[in-house]
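K.L.:
These are the residues of each chain, in order.
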Amino acid sequence: MFKNLSALSLTLFIAFALVVPAANAMKLKEYHQEIMTGDDGKVECAACHGDAKRKTIPEVSACEACHGTSDDVAELTKRPADAGHSVEPNPHDSLHYGTELACSYCHQEHKESKVYCNQCHEFEYPDMKR
Amino acid sequence: MSDEKGLNQSRRQLLKGGAAMAVAGIGSVVAGAASAACVSDEKVMFDEVVDVIVVGSGFAGMSAALQARESGASVMVIDKMPVFGGNSTINGGAMAVAGSPLQKREGIEDSVDTMVADMLESGRGMNDVEMLKLVCNGTAESCEWLTEHGVKWKPFVQHFGGHSIPRVLQTVESSGAGIIRPLVSAAKKQGIHMRKQTKLESFIKNDEGRVIGVQVREGYYFPKERTGKMRNLGARKGVIMATGGFGRDIEYRQMQQPEMNSELDSTNHAGATSEALKQMMLIGANPIHLDQIQLGPWASPDEKGFGTASQFNTIATYPSGIVVDSRTGERFFNELADRKARADAIMTRRDDKGHPVYPIGFTNAEGAKDAQTLDWGLKYKVIQKAETLDELAKLYGIPAKALIAQVARWNKAVAAGKDGEFGRPMQKAMKLEQGPWYGVRMWPKVHYCMGGVRVNTHSQVLHLVTDKPIEGLFAAGEATGGIHGASRLGACAVAEGVVTGRNAGRICSEAQRIRLLES
Chain A
1 MFKNLSALSL
11 TLFIAFALVV
21 PAANAMKLKE
31 YHQEIMTGDD
41 GKVECAACHG
51 DAKRKTIPEV
61 SACEACHGTS
71 DDVAELTKRP
81 ADAGHSVEPN
91 PHDSLHYGTE
101 LACSYCHQEH
111 KESKVYCNQC
121 HEFEYPDMKR
Chain B
131 MSDEKGLNQS
141 RRQLLKGGAA
151 MAVAGIGSVV
161 AGAASAACVS
171 DEKVMFDEVV
181 DVIVVGSGFA
191 GMSAALQARE
201 SGASVMVIDK
211 MPVFGGNSTI
221 NGGAMAVAGS
231 PLQKREGIED
241 SVDTMVADML
251 ESGRGMNDVE
261 MLKLVCNGTA
271 ESCEWLTEHG
281 VKWKPFVQHF
291 GGHSIPRVLQ
301 TVESSGAGII
311 RPLVSAAKKQ
321 GIHMRKQTKL
331 ESFIKNDEGR
341 VIGVQVREGY
351 YFPKERTGKM
361 RNLGARKGVI
371 MATGGFGRDI
381 EYRQMQQPEM
391 NSELDSTNHA
401 GATSEALKQM
411 MLIGANPIHL
421 DQIQLGPWAS
431 PDEKGFGTAS
441 QFNTIATYPS
451 GIVVDSRTGE
461 RFFNELADRK
471 ARADAIMTRR
481 DDKGHPVYPI
491 GFTNAEGAKD
501 AQTLDWGLKY
511 KVIQKAETLD
521 ELAKLYGIPA
531 KALIAQVARW
541 NKAVAAGKDG
551 EFGRPMQKAM
561 KLEQGPWYGV
571 RMWPKVHYCM
581 GGVRVNTHSQ
591 VLHLVTDKPI
601 EGLFAAGEAT
611 GGIHGASRLG
621 ACAVAEGVVT
631 GRNAGRICSE
641 AQRIRLLES
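First to last, the sequence lines map onto chains A and B.
In this text, residue positions in the first sequence follow this note's numbering: the first is 1, and each later residue adds one.
In this text, residue positions in the second sequence follow this note's numbering: the first is 131, and each later residue adds one.
Wrong hints could be hidden among the right ones.
[Claimed, not checked] Quick list of the computed label-pair ranges, beta carbon to beta carbon:
{"id": "1", "chain 1": "B", "residue 1": "E355", "chain 2": "A", "residue 2": "E44", "range": "26 to 32 Å"}
{"id": "2", "chain 1": "A", "residue 1": "A65", "chain 2": "B", "residue 2": "T518", "range": "55 to 61 Å"}
{"id": "3", "chain 1": "B", "residue 1": "G321", "chain 2": "A", "residue 2": "E34", "range": "54 to 60 Å"}
{"id": "4", "chain 1": "B", "residue 1": "G237", "chain 2": "A", "residue 2": "K114", "range": "48 to 54 Å"}
{"id": "5", "chain 1": "B", "residue 1": "G321", "chain 2": "A", "residue 2": "Y125", "range": "32 to 38 Å"}
{"id": "6", "chain 1": "B", "residue 1": "K531", "chain 2": "A", "residue 2": "K114", "range": "44 to 50 Å"}
{"id": "7", "chain 1": "B", "residue 1": "N267", "chain 2": "A", "residue 2": "D51", "range": "55 to 61 Å"}
{"id": "8", "chain 1": "A", "residue 1": "K111", "chain 2": "B", "residue 2": "K542", "range": "56 to 62 Å"}
{"id": "9", "chain 1": "A", "residue 1": "C45", "chain 2": "B", "residue 2": "T277", "range": "49 to 55 Å"}
The set of hints was computed from the structure by calculation and includes no laboratory data.
Positions of the beta carbon are idealized from the N, C-alpha and C atoms, including for glycine.
Next up, chain A with everything else stripped away, as it sits in the complex:
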């Protein structure tokens, strides 16, 4: 039984490994689903990754094409001028890094996003889209 199970999981693993690189199988965030799906119903990889055959992590410019510059995004999450410590810091305009950090270090399209700051901090961003 055990043996069968592991054989099955191996098969599943291989199947999974084979399927993952296929464009249609790449998970997208719900809110990106529509905009990143072409007329033929397939995910448009090129929208973020460009046309290169070897897919690399998208540049900031790919995100900026729709979302505006990093300064624009920082403005969207600006803290009120009189905000105390009860309001978390602006994740898009950090004390340490300003607006330097590339989007993809926190926002990950095909897996769970993570907050770069929280390698050291304990910030809570409940509205961060995962």
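Place chain B on chain A using the hints.
P.N.:
This is chain B only, laid out in the frame that chain A set:
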């Protein structure tokens, strides 16, 4: 002839990171990395050429870059991380300065000799004295230089552990970001090429053995090793290594200090690893004091990294409060000793199974008045508030009577101006009379590598065998070894980084330009 041409061709392909490199990478990573340490070729075709390449963008790197630029060189800064500033921009922003205007205003007598003496004492005499003098001698002028570049200091001097007198300035942000960000914007304004996500792979040398550039991965995505495109960057005057320490390289730090295993957290950023150091060693750099790794005695186990407690303890608990064993309620060390003495003392607090028994540091509202991270620490429950000493004792399971008696003894010592028990300097000590109280659990974290490559006072990296400069190779800041000996004093890393960085930048920019080919 045609054979030679063929060889050159394939070599060039190797440099360009073509097919040959990919095969080498798959075949044997170790052999690939070792052989890539140095590529000698007079006719290397560079993708880009500048006068000075600075590797790393912390205090040392940014100071080197700006100084070289201000001395007339064209400069490029590369950093493997997605952001600039390394550990520097997440540090506490405190700089030890001998003879600052703020000291004069407060009537504090200081001198370069006194600072050297303090650092020698903390370094257990292991320091490279010539380099130490260079650093201390440059602090006042470098502090002014930073101010001219837009750094803003708090209007008071602080007394950090191990210093015989108050001499520490701190940025208004309580962060090294208050230094790094002004320097990065100045660099951009002055036309310095700032490249992040660009990782040094190896050095490129010419036939005379001079370092003439670096092979990098451009578009590198830390920590994914195979990411990015290989490119060759040429440096007509030299390469300055400002690549910091290896506090977060658990494997390598454990080779030096087996007890510094994965159970010990670190205040460092994730990029504080050893590859750049290893590349320098591969071309002959002399590693000094690599096993001298400092633990930060002000950290808390109740949060990750540097966090909120480190700041709080540095500015509040240590100068204006006390630290007690949670089992006895009693002090057990000089809270203003140097970092090594304090970290060693804290780490003696263990139960009979060897597990840590976290000591409690505390002060009151008066002692915490300058602590900017207090509110954040309270928010994340790293710092806890108690109205009375009884309540504080209950919060941390300390015997209340003993704690109250200890505070009374402490107040007596403050009144007498003398700590008879542990010999703490009392210039800024205050009586602990009134609540509310603020407490923190404490345990050290890996903080700083005193070790690194050996350099001379011209910031040239010296060869292991000849002890002569490796031409074209400079180093500054934490990447160098020997300045601090066995234990660095607080606020001396900023001092070292800025002073030695500028030293390297100035001297490198004065070097003879060599002709390099650019594609």
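K.L.:
Which hint numbers does the structure go against, in order from smallest to largest?
P.N.:
Of the numbered hints, just 3 does not hold.
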